[in-house]
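Sequences are here, hints too, so could you generate the full structure?
Quick mapping for you: the protein sequence lines, in order, are chains X and W. Each step along the first sequence adds one to the number in the UniProt record's numbering, with nothing skipped, and position 159 is 159. Each step along the second sequence adds one to the number in the UniProt record's numbering, with nothing skipped, and position 30 is 30.
Check each hint, because a few of them may be wrong.
Part of the chain W face toward chain X, derived, beta carbon under 10 Å [claimed, not checked]:
hint : residue
1    : I114
2    : P191
3    : E220
4    : V253
5    : R266
6    : R267
7    : S277
8    : R290
9    : H293
10   : D296
11   : A300
12   : S306
Don't read these hints as lab results, they were simulated from the structure. Note that the coordinates shown come from a computational prediction; the quantities given were computed from them, not determined experimentally. Built from N, CA and C at the ideal position, the CB exists for glycine as well.
2 protein chains.
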Amino acid sequence: MTDASRPERFAYLGPHGTFTEAALLSIPDAAGAEHIPYATVPAVLDALRRGDVDSAVVALENSVEGSVPTTLDELATGEPLQIVGEVHLPVAFALLVRPGTDLRDIKSVASHPIAQPQCRRWLATNVPDAEWHAATSNAEAAQHVADGHYDAALAGSFAAARYGLSVLAEDIHDVADAVTRFVALRRPCAPPPATGMDRTTVVAFLGEDHVGALLEILTEFSVRGINLTLIQSRPTGAGLGSYLFWMDFEGHVTDARVGEALMGLRRVCADVRYVGSYPRADEVRPEIRRGTHDDDFTEAAAWLASIRG
Amino acid sequence: MTDASRPERFAYLGPHGTFTEAALLSIPDAAGAEHIPYATVPAVLDALRRGDVDSAVVALENSVEGSVPTTLDELATGEPLQIVGEVHLPVAFALLVRPGTDLRDIKSVASHPIAQPQCRRWLATNVPDAEWHAATSNAEAAQHVADGHYDAALAGSFAAARYGLSVLAEDIHDVADAVTRFVALRRPCAPPPATGMDRTTVVAFLGEDHVGALLEILTEFSVRGINLTLIQSRPTGAGLGSYLFWMDFEGHVTDARVGEALMGLRRVCADVRYVGSYPRADEVRPEIRRGTHDDDFTEAAAWLASIRG
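Dropping the structure here:
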């Protein structure tokens, strides 16, 4: 679908100045690409599905923009897309003001509703008299400040330049080391090569609500020494007791231990959707347990062939 | 090693009239074969290893002749041999006497020491005044009775004719439904074809005494829906804390679920010895759990290939 004569197109959750745009800007492949904002996560993903863009970036986990459930549900049950990379951004807001504004002048602060609880303590300490106002995005809040409607906005510091604002305070967050995880998506394709520091995402559907189903699924991973990094259950919408499990885990689809675990999931689940294998943004190299290296699987397969003969 | 011009030779634990000979006589393949008694289990197995015989029959489990630990240790750590079949015999002794002897005449009873506790209640009820004497085998006890040394022997009823004795009482056993399991052995070979009612035996060696090793091994089976029918730990002789586990379980080495479990064992154990796959004597057909049929493995492998592509 990609036309070599034009730059790659990346869709992202806009408008300009969102954390998602900041995540997109941190992707080396996106340099020189065309960046196209969309108003909602489903709109971003549908643009990719239709082929209007080549790639898309959306928030997945611990978002500051409220898109986690939407993203999970879209990727779990919508027309399949594939994760090919991820970006971690620290959750850190800046207080953006019109140039010349002093902390004492601030009587109103605007932000996306998700940002407010993450900065509550900071606001109470530093601008105790300011009134908080909701905006549909942090970038929109910045626009409102630029337009003179409010005195300050909580947004990414990278949004300041776009809206002609100044950064009065940076690195605002009540929880230390909080991170938002974004994923880069493409239409279904071969995975990027294994790096030894990879993550794989699947969605497992439980067809019948049988006792021990989750234990059964977890055992498929643990018996092969694979650690899960995220497990999130969501209703499938197909009725009470019908669940899917979003699972991120260590390793690449081409790893022998991952392949065998995936086949195990495929055998015991009503359905399994493969969502992708991709390099971990945190570059954590998993400790591979005794007996679960690729070589161990190769040797064991040769031994089995010998005793079957 | 088999010479087509002569009948097959089967070694067994003698002398004539042992339960092992009775087990051998129940094997269809042994009809028309030459049956050669040996004095001990190691002697039986060494005859097979040397090629003096083509096959061997020894007691393995719940024996009435005391050979279980010897058999397990020999098959686990001696030069490899392979189980190709099994025979179950009910544990049931007969009281053998010289013709014309009455129950009231019996003042002495001889048997292998293993037989005595299994018949203790019966003896106390029916011949309360008889003194018990040890013999090196039940067949030898019968010989002693024929020679006039003792009044009665506890042995298999099939031994009576060989020693010119009469059966005064049959089906003597304190525990109902007790069974002795015998195995037919060959030198390493291809397994008999799968019947759908098969058992497989392996010996797993734990190289380091690490926590959770047994749980790890059991999980390799449980995650693939395979039930164990016997698990027996034995010291390896290589020092304190060094153990082997003899394991019998449902299924045939050519079953996909069994193959994957065996490869798992091979990966996590210091060593695994395959001892054989063979039809179950009890003809129990295992319930194959959802997701663990051969077809499920085939389908899952095709799916994995497709997502890796």
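So, going through the hints one by one against the coordinates:
Interface hint status for I114/W: violated, as the beta-carbon distance to the closest one in chain X is roughly 34 Å, over 10 Å. Checking P191/W against chain X: minimum C-beta separation of about 8 Å stays under 10 Å; hint holds. The beta carbon of E220/W comes within 6 Å of a beta carbon in chain X, closer than 10 Å, and the hint placing it at the interface holds. This hint holds: V253/W has a C-beta 6 Å from the nearest C-beta of chain X, less than the 10 Å allowed.
For R266/W, the interface hint holds, since its Cβ comes within 10 Å of a Cβ in chain X; the closest pair sits about 4 Å apart. With a least beta-carbon distance of about 4 Å to chain X, the hint placing R267/W at the interface is held under the 10 Å criterion. The restraint placing S277/W at the interface with chain X holds, with a minimum CB-CB distance near 9 Å, inside the 10 Å limit. About 7 Å separates the beta-carbon of R290/W from the nearest beta-carbon of chain X, less than 10 Å, and the hint is met.
Checking H293/W against chain X by beta carbon gives a least distance of about 9 Å; that is within 10 Å, so the hint holds. For D296/W, the suggested interface contact is upheld, since its CB lies about 4 Å from the closest CB of chain X, less than 10 Å. Annotation: A300/W was flagged as interfacial toward chain X, and the flag holds, the nearest CB pair being 4 Å apart, inside 10 Å. For S306/W, the interface hint holds, the least distance from its beta-carbon to any beta-carbon of chain X being 9 Å, beneath 10 Å.
In summary, the structure is inconsistent with hint 1 from the numbered list given earlier, while agreeing with all the others.
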